[in-house]
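**Q** Given chain A's structure and the hints, the job is docking chain B onto it.
Protein chains: 2
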Amino acid sequence: MTPLAPADPGPAPWVKSIPLEMAPPSLKDNTADVDRVLRALKKEMQTDRVAADFSLWQSFPRVLRDSHYRVDVSAFEWQGGWHVIDVTPAAAHHAVYGIAMDLGTSTVVLRLLDLASGKRLDERIFPNPQIEIGPDILTRIHHAAKTGGLQGLQTLLVRRINEEIRAMAHDHHIRPGGVAGLAAAGNTAMSHFFLGLDPYFICREPYIPVVNRPGLVRAGQLGLDINPMAPVLVFPNVGSYFGGDLVAGILASGMTLQKEVSLLVDVGTNAEVVIGNSEWLMACAGAAGPALEGGVAGMGMMAGPGVIDRVRVDPASTVFEIHTIDDLPPVGICGSGLIDLIAGLFTAGMIDLRGKFVPSRCGGRLTEADEIRSLTIVAPEQSGTAGPLVLSQPDIDGLMRSKAAMYTILTTITQTVGVDMSTIKRFYVAGTFGAYIDPRSAITLGMIPDLPLDVYVPVGNTSLEGATRALLNRAARDEIDLIRDRITYLELNVNQAFMNLFSAAKFIPHTDRSLFPSVKVPA
Amino acid sequence: MTPLAPADPGPAPWVKSIPLEMAPPSLKDNTADVDRVLRALKKEMQTDRVAADFSLWQSFPRVLRDSHYRVDVSAFEWQGGWHVIDVTPAAAHHAVYGIAMDLGTSTVVLRLLDLASGKRLDERIFPNPQIEIGPDILTRIHHAAKTGGLQGLQTLLVRRINEEIRAMAHDHHIRPGGVAGLAAAGNTAMSHFFLGLDPYFICREPYIPVVNRPGLVRAGQLGLDINPMAPVLVFPNVGSYFGGDLVAGILASGMTLQKEVSLLVDVGTNAEVVIGNSEWLMACAGAAGPALEGGVAGMGMMAGPGVIDRVRVDPASTVFEIHTIDDLPPVGICGSGLIDLIAGLFTAGMIDLRGKFVPSRCGGRLTEADEIRSLTIVAPEQSGTAGPLVLSQPDIDGLMRSKAAMYTILTTITQTVGVDMSTIKRFYVAGTFGAYIDPRSAITLGMIPDLPLDVYVPVGNTSLEGATRALLNRAARDEIDLIRDRITYLELNVNQAFMNLFSAAKFIPHTDRSLFPSVKVPA
Numbered sequence: 001m002t003p004l005a006p007a008d009p010g011p012a013p014w015v016k017s018i019p020l021e022m023a024p025p026s027l028k029d030n031t032a033d034v035d036r037v038l039r040a041l042k043k044e045m046q047t048d049r050v051a052a053d054f055s056l057w058q059s060f061p062r063v064l065r066d067s068h069y070r071v072d073v074s075a076f077e078w079q080g081g082w083h084v085i086d087v088t089p090a091a092a093h094h095a096v097y098g099i100a101m102d103l104g105t106s107t108v109v110l111r112l113l114d115l116a117s118g119k120r121l122d123e124r125i126f127p128n129p130q131i132e133i134g135p136d137i138l139t140r141i142h143h144a145a146k147t148g149g150l151q152g153l154q155t156l157l158v159r160r161i162n163e164e165i166r167a168m169a170h171d172h173h174i175r176p177g178g179v180a181g182l183a184a185a186g187n188t189a190m191s192h193f194f195l196g197l198d199p200y201f202i203c204r205e206p207y208i209p210v211v212n213r214p215g216l217v218r219a220g221q222l223g224l225d226i227n228p229m230a231p232v233l234v235f236p237n238v239g240s241y242f243g244g245d246l247v248a249g250i251l252a253s254g255m256t257l258q259k260e261v262s263l264l265v266d267v268g269t270n271a272e273v274v275i276g277n278s279e280w281l282m283a284c285a286g287a288a289g290p291a292l293e294g295g296v297a298g299m300g301m302m303a304g305p306g307v308i309d310r311v312r313v314d315p316a317s318t319v320f321e322i323h324t325i326d327d328l329p330p331v332g333i334c335g336s337g338l339i340d341l342i343a344g345l346f347t348a349g350m351i352d353l354r355g356k357f358v359p360s361r362c363g364g365r366l367t368e369a370d371e372i373r374s375l376t377i378v379a380p381e382q383s384g385t386a387g388p389l390v391l392s393q394p395d396i397d398g399l400m401r402s403k404a405a406m407y408t409i410l411t412t413i414t415q416t417v418g419v420d421m422s423t424i425k426r427f428y429v430a431g432t433f434g435a436y437i438d439p440r441s442a443i444t445l446g447m448i449p450d451l452p453l454d455v456y457v458p459v460g461n462t463s464l465e466g467a468t469r470a471l472l473n474r475a476a477r478d479e480i481d482l483i484r485d486r487i488t489y490l491e492l493n494v495n496q497a498f499m500n501l502f503s504a505a506k507f508i509p510h511t512d513r514s515l516f517p518s519v520k521v522p523a
Numbered sequence: 001m002t003p004l005a006p007a008d009p010g011p012a013p014w015v016k017s018i019p020l021e022m023a024p025p026s027l028k029d030n031t032a033d034v035d036r037v038l039r040a041l042k043k044e045m046q047t048d049r050v051a052a053d054f055s056l057w058q059s060f061p062r063v064l065r066d067s068h069y070r071v072d073v074s075a076f077e078w079q080g081g082w083h084v085i086d087v088t089p090a091a092a093h094h095a096v097y098g099i100a101m102d103l104g105t106s107t108v109v110l111r112l113l114d115l116a117s118g119k120r121l122d123e124r125i126f127p128n129p130q131i132e133i134g135p136d137i138l139t140r141i142h143h144a145a146k147t148g149g150l151q152g153l154q155t156l157l158v159r160r161i162n163e164e165i166r167a168m169a170h171d172h173h174i175r176p177g178g179v180a181g182l183a184a185a186g187n188t189a190m191s192h193f194f195l196g197l198d199p200y201f202i203c204r205e206p207y208i209p210v211v212n213r214p215g216l217v218r219a220g221q222l223g224l225d226i227n228p229m230a231p232v233l234v235f236p237n238v239g240s241y242f243g244g245d246l247v248a249g250i251l252a253s254g255m256t257l258q259k260e261v262s263l264l265v266d267v268g269t270n271a272e273v274v275i276g277n278s279e280w281l282m283a284c285a286g287a288a289g290p291a292l293e294g295g296v297a298g299m300g301m302m303a304g305p306g307v308i309d310r311v312r313v314d315p316a317s318t319v320f321e322i323h324t325i326d327d328l329p330p331v332g333i334c335g336s337g338l339i340d341l342i343a344g345l346f347t348a349g350m351i352d353l354r355g356k357f358v359p360s361r362c363g364g365r366l367t368e369a370d371e372i373r374s375l376t377i378v379a380p381e382q383s384g385t386a387g388p389l390v391l392s393q394p395d396i397d398g399l400m401r402s403k404a405a406m407y408t409i410l411t412t413i414t415q416t417v418g419v420d421m422s423t424i425k426r427f428y429v430a431g432t433f434g435a436y437i438d439p440r441s442a443i444t445l446g447m448i449p450d451l452p453l454d455v456y457v458p459v460g461n462t463s464l465e466g467a468t469r470a471l472l473n474r475a476a477r478d479e480i481d482l483i484r485d486r487i488t489y490l491e492l493n494v495n496q497a498f499m500n501l502f503s504a505a506k507f508i509p510h511t512d513r514s515l516f517p518s519v520k521v522p523a
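Residue numbers (the working numbering), protein chains in the order written: chain A, 1 to 523; chain B, 1 to 523.
One thing to keep in mind: the hints can contain errors.
As the list claims (entries may be wrong) - What follows is a set of in silico ranges between Cβ atoms, one per label pair, in the way DEER data are often shown:
(1) B:G80 - A:E44: 51 to 61 Å
(2) B:K119 - A:T488: 42 to 52 Å
(3) B:M302 - A:G149: 51 to 61 Å
Quick caveat, the hints were computed from the structure, so don't treat them as lab data. By construction, the Cβ of each residue, glycine as well, lies at the ideal position given by its N, Cα and C atoms.
If we strip away everything but chain A, and leave its shape as in the complex, we get:
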């Protein structure tokens, strides 16, 4: 698996600091201050389409005279024109900064960028403060309908973002106003909360967002503590259920730059799947995720210190080799660990084709209470919690449903577009799921197709990565709307055909073993 190359700022940044040197005014050239700057900017950028918002004009006379008509103009390009953000006395280093943001339901990530060099200077990750209103989107949408609810949600979020931005700016000695651009990718509801737009109709048939393409918003309009004139790019959505986070994911994967057909999978609360190339894109989503996120399996949790992220089960001795994040005593297991574990249990013959415990192979580690069987994975004395870590039969059943749903969705979408799954040359796996998952284990379970391992490409936090690229590169930014407009959304029809596929996929690896030739099924 090759990690994604860092985003290339490329030949066309669209938020820039532009040094301008002007002749001072004279009786022969009495051009006004604003017009003088715009004239110089036109010449420098070789376009007539330059503009400076009225709110900036007041500052021009002082800055021009104090700087002896040598200034740095921060400006951004939009629809072919250049828009001034601010004008400051020329500095030795014409620095300009930006923030890329992953606007997650649970977690927000900010990345500070030097827009001139493309360097990633810093990153902050923190829980979405709206969790105090409700952990899930639906609770927040209901809260937004109360008096002041929507504004309260937006304020919570923006205030926290501002704190983190201020801290980063302080650490990096960046002046107020030096942050001249922000790009944010989130799901449709989160984008609405961020923009202070009412998500009321998002969750009601026919599920209509207030806006699909937010276009150009200024930081000051959102109360963000960066330059108030800075452009804020909020990734567009296709509808209530296909948000800007996924558009960012498609951008980050680069799949739309290739002629070959690729797949992109993002597993969160839902599993979102996109297939396509430089000419077409089809997307769908289904409830394949829950068992893979924290909270479903008894010992399941989100990746974090002490969480089991990799497991090997020795097929002969059935001994577990357990790895935890930061090598701390284990406290739970995340999605990648769970997939490793259950694949290992299958290979060791400790569970059967249906995912049921095989008592003869499990031995004394298998216990039963209230007719529910559980396997002890970590004994109390090795555990980082007070008690043992156990995997119950319902935990496995949950994963079996998730993996079956995932494979069924992949089968359905590839069949719909008429692409043979075995011919896929790149299969991008997003998120922490993609970063930690061992595709060998997922193939063993029959969760993902039996492709050469190097086909699977972890693409990390694609919301953050897509936002970064869009902020650094004009071509990437312009690609966003093309991506959005090209997506065909496949409504998953849970009919008999789907249910038949799903039932066949509820075995390890599958009822049709020929689909998984590389998987060794124990005798």
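**A** Just chain B now, with coordinates in the frame of chain A:
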């Protein structure tokens, strides 16, 4: 003299109310609210370049659903794109209103327009409230430099404008936000005060405004009580001494639409003169005005009730026939009355070629005090004031200088561009001066060239008229920047040649009588 035809709204209004009917959303068409409106607007206006500012989005979901997707969109065209001002449920009459404004140093005039029909619905005229800070621009510029001074000046002005706009809107049953555009023409300093921009460098060499072309400003940015998203068009200036009022005057005259060369004269504190046609424009200004405005002649005042605006002096009997505004007892005399009076005195032989009283013809009405001769024009018993209205020798001398300056400026500018003054086919005279002046009297004095009377065209309040045209008609609006960019400003060089011309013009009508063949010089 034919009055200017009322502005034709023409085929291209640029602030409009556009009725849109949309299909309600469905599972098959889940386009978001904002995108749905913009899609319909694109189709209606047949352009892809449509935009709605972020600040409007919040209102869309409610308006669309309440109106069953039948709305009126107020929008304006700017640089080829249409910008939404607001979206309201469809009304029977898709009305949209605008305000044209003459932003005078002394007087502000507001005109309420129906932008769909071009109808002039109302007008308000009131003293510029900044007079309480200082009657003249220079005092206000000095005041602006004090802490809070500039903002105080702007607030004074905008608050008063808002009061008048609210009153007009109330009288005409116009909803808040129904006024969707404003165009303002004023001199460079007044435009700066209106925009809250520091005029500090306007009156200091090399006389640099903050901005020449204010471009697009939104009403909300200025605190105006109309729709906050409404475009505010502030006429551009050429420099500190050639303001948007004059650009508006050129626009209003229509001189740039003609192949023939025309002259435009605007007499205020200065006399501003423009010469040109559809291909070129030259402008200059000089201190020719003071004697023609109120405040210089002892009995001089601005046109108003009881003010003498027309005078006939019977050449035989030397009896005065006096006309006052509203036929009230006379209280003073305005510029047009003064010109009539002094021309009449000359024709009747009561003053000589140099403008000096001829005691033998003046008789007992001529008095002398402190070596200053004065002529009683209105006896105390006919006067509207307590005492008599008198014209002093210094009053006449002042007018003689003004008229000589005016003729010298006209001579200089026509000679500079190589146009024979006698070939001018249209001579536009702006302002109340132009509205009331009898060109026959001005010719008699040698103030303006001896052209057929129908060459002189009064064009009224050209600031107001220019603002009206710019607001009603896109072609007129687009003409503004062309006019501004085409103006060559002639710096009047007060050298020996100028002084020679000036001296020759200080006689009635002129030392060279052949220039004024129609003027009968009394024996």
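**Q** Against the earlier hints, flag every one the structure doesn't satisfy and list their numbers going up.
**A** Hint 1 contradicted; others consistent.
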